[in-house]
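A.B. asks: Sequence:
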Amino acid sequence: RVDRRQRQMCIRDRYMNPYLAGIMLGVVLLASFYLTGRGLGASGAMRSVVVSSVNTVSHDYAENSNYFSKYIAGGISPMKTWLVLEVLGVLVGGFISGALSGRLNFKLEKSPKITSRKRIYMAILGGALFGFGSQLGRGCTSGAALTGMATMSLAGYVTMMAIFGTAFALAYFFRKNWI
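Under our numbering, the letters of the sequence shown match residues 1133 to 1311, in that order.
Hints were generated in silico from the structure; no laboratory data involved. A quick note: this is a predicted structure, and the numbers were derived from the prediction, not measured. Where a beta carbon is used, it is the ideal one built from N, C-alpha and C, also for glycine. Mixed in with the good hints there might be a few duds.
[Said to hold, decoys possible] In silico lysine to aspartate or glutamate, DMTMM-like type, Cα no more than 25 angstroms apart, as pairs:
1) K1202 - D1192
2) K1212 - D1192
3) K1212 - E1195
4) K1308 - E1241
5) K1202 - E1218
[Stated by the list, open to error] Derived DEER-like restraints, expressed as beta-carbon distance ranges:
6) G1225 - F1165: 18 to 28 angstroms
7) Y1199 - M1292: 24 to 34 angstroms
8) L1167 - Y1193: 31 to 41 angstroms
Based on the provided sequences and hints, a complete structural model is requested.
C.D. replies: As structure tokens, then:
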């Protein structure tokens, strides 16, 4: 007989089968194409947040900027896009999944060789660089790579190879921050 604490430990240590998760991601991608006529993508939501922030702080600047003006034209808020709803759904879904599996807690995962402050700085720097690169490359991993590969786009395959190739090449230099 398994007591309650042992059951909670089993649930907490259980993760989804990666093959099943991959199939489910494919089904979600297919549903996205069918329902919206577009694939998945997340970097566009961040762009919407930045454009809305700039527009709120300085409407005149955003209106006169070649870059920002195309996203605020027509008086429709850039926050009213399906990409923003998609990212909000991912955040809420992740929260619900963590709560249901008993893994919802606040902790900082890091190597014992680095400080918490350095771990946070590295995460912010990595996120900023990836965000900048996603705008430079016209899409993030989900938009440019997964959706691009699903449409058999050469650019999708090149993007995926560049993302994983760069990660593999740089892993040696950053490994001391993780192990």
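A.B. asks: Give a verdict on every hint.
C.D. replies: Evaluation of the provided hints:
no.: 1; hint: K1202 - D1192; verdict: 13 angstroms, holds
no.: 2; hint: K1212 - D1192; verdict: 21 angstroms, holds
no.: 3; hint: K1212 - E1195; verdict: 18 angstroms, holds
no.: 4; hint: K1308 - E1241; verdict: 13 angstroms, holds
no.: 5; hint: K1202 - E1218; verdict: 22 angstroms, holds
no.: 6; hint: G1225 - F1165: 18 to 28 angstroms; verdict: 19 angstroms, holds
no.: 7; hint: Y1199 - M1292: 24 to 34 angstroms; verdict: 27 angstroms, holds
no.: 8; hint: L1167 - Y1193: 31 to 41 angstroms; verdict: 36 angstroms, holds
Checked against the numbered hints above, the structure violates none of them.
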